[in-house]
Amino acid sequence: EPEVTQTPSHQVTQMGQEVILRCVPISNHLYFYWYRQILGQKVEFLVSFYNNEISEKSEIFDDQFSVERPDGSNFTLKIRSTKLEDSAMYFCASSRDSRDTQYFGPGTRLTVL
Amino acid sequence: TQLLEQSPQFLSIQEGENLTVYCNSSSVFSSLQWYRQEPGEGPVLLVTVVTGGEVKKLKRLTFQFGDARKDSSLHITAAQPGDTGLYLCAGEPSGTYKYIFGTGTRLKVLA
Chain A
1 EPEVTQTPSH
11 QVTQMGQEVI
21 LRCVPISNHL
31 YFYWYRQILG
41 QKVEFLVSFY
51 NNEISEKSEI
61 FDDQFSVERP
71 DGSNFTLKIR
81 STKLEDSAMY
91 FCASSRDSRD
101 TQYFGPGTRL
111 TVL
Chain B
114 TQLLEQSPQF
124 LSIQEGENLT
134 VYCNSSSVFS
144 SLQWYRQEPG
154 EGPVLLVTVV
164 TGGEVKKLKR
174 LTFQFGDARK
184 DSSLHITAAQ
194 PGDTGLYLCA
204 GEPSGTYKYI
214 FGTGTRLKVL
224 A
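So the sequence lines, in the order shown, correspond to chains A and B.
First residue of the first sequence? That's 1 in this note's numbering, and the numbers climb one at a time after it.
First residue of the second sequence? That's 114 in this note's numbering, and the numbers climb one at a time after it.
So that you can see chain B by itself, here it is in the shape it has in the complex (with noise of 0.2 Å):
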């Protein structure tokens, strides 16, 4: 069975203050996203990466791949309320056609 586990599950942290969520897997994945999801809609992508090592930057946001395309990880710089949100990370199965989620990261961020 493939798994994404993400870390924390819940984070509480002040305005300015910096995180990093993760993302492990025992799995090696073709590509994996990282999506926002607020409650009652639809997952919205932030940001996708395909090549081991791969770092990407999305305003204050920092995504990494892991060399090997297991793992993942986002850091928020000086973090605000409006970055308040549930994170998910979605990975692709080398040759497979599905997504597996993982399971989530709340992020609470206090003015």
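So that you can see chain A by itself, here it is in the shape it has in the complex (with noise of 0.2 Å):
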């Protein structure tokens, strides 16, 4: 069965240093996106993208976050200048519309120092 895929399952950066988060979706998706849930937290959305485009973003998804679709199967999230808050959960999800149910990876879990 298809599935989402993320690298690496975890990721310790230095306060100020950027880190790029990768997940590959499922191959006939569309429709990506990045969730982050912080420990002992909710999962909360980040990004929206569709065609090479961010389609709907949150309060939490600053000038500090990017997304790009850098191939026809890459997905990354990447994070110029890392805080300690930005420490959590970071969970791609793709699906294959954008009413169809959306599929979450593993998960990368950032730890900054």
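Quick caveat, the hints were computed from the structure, so don't treat them as lab data.
All clues stand as given, with none of them false.
Under the rule of at most 27 Å between Cα atoms (straight-line distance), these lysine-lysine pairs were calculated in the DSS-like manner:
no.: 1; chain 1: A; residue 1: Lys42; chain 2: B; residue 2: Lys170
no.: 2; chain 1: A; residue 1: Lys42; chain 2: B; residue 2: Lys183
no.: 3; chain 1: B; residue 1: Lys169; chain 2: A; residue 2: Lys42
no.: 4; chain 1: A; residue 1: Lys42; chain 2: B; residue 2: Lys221
In this text the structure is predicted, and so the values were computed from the model without any measurement.
Hints given; two lone chains; assemble the complex.
Structural data, given as structure tokens:
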């Protein structure tokens, strides 16, 4: 069964460093998403992406964040200058279309020291 | 602000008992999903409901979407220790491209 994959599973970085989290969505899906979950808190929406454009973003998704689909398979989330409060699990999701169910990857645990 | 409130937050029951988890909001959703999440892993889809009043069954799990598409429930019959986990509801507000997640219900089924 096709699934969303994410790399790395765990990323440790120093405050102020840039990080890139990678995702490979399900191959025939056209809509891509990033969510985050701070430890002990609920899953929060960051951004949705379709046709090489951001469709919607939350207040969390400020200028420090960017997304890109650099090729036909990868979908990346970049955090330019990480802060301590960026420490969280980051989940990528994809869906076939905007009304279809979103399927989630296993997540990347980001730890900012 | 769109919110999804889940209740109860924690539930500890004996094997064989029945339980119901609720997901409520004042917002209307185009669809509502139920996920199960294990520690350190991503949410795994259980079911999607899209029509007001819709009922779906997945073995011992029964999911219902409210008539007004503002709320949902998950009922587990004869709970088993393997049902232990975190259950999340997630709604897609009408006209958006995102999911709003509930706060989660942590279920523990004791043998």
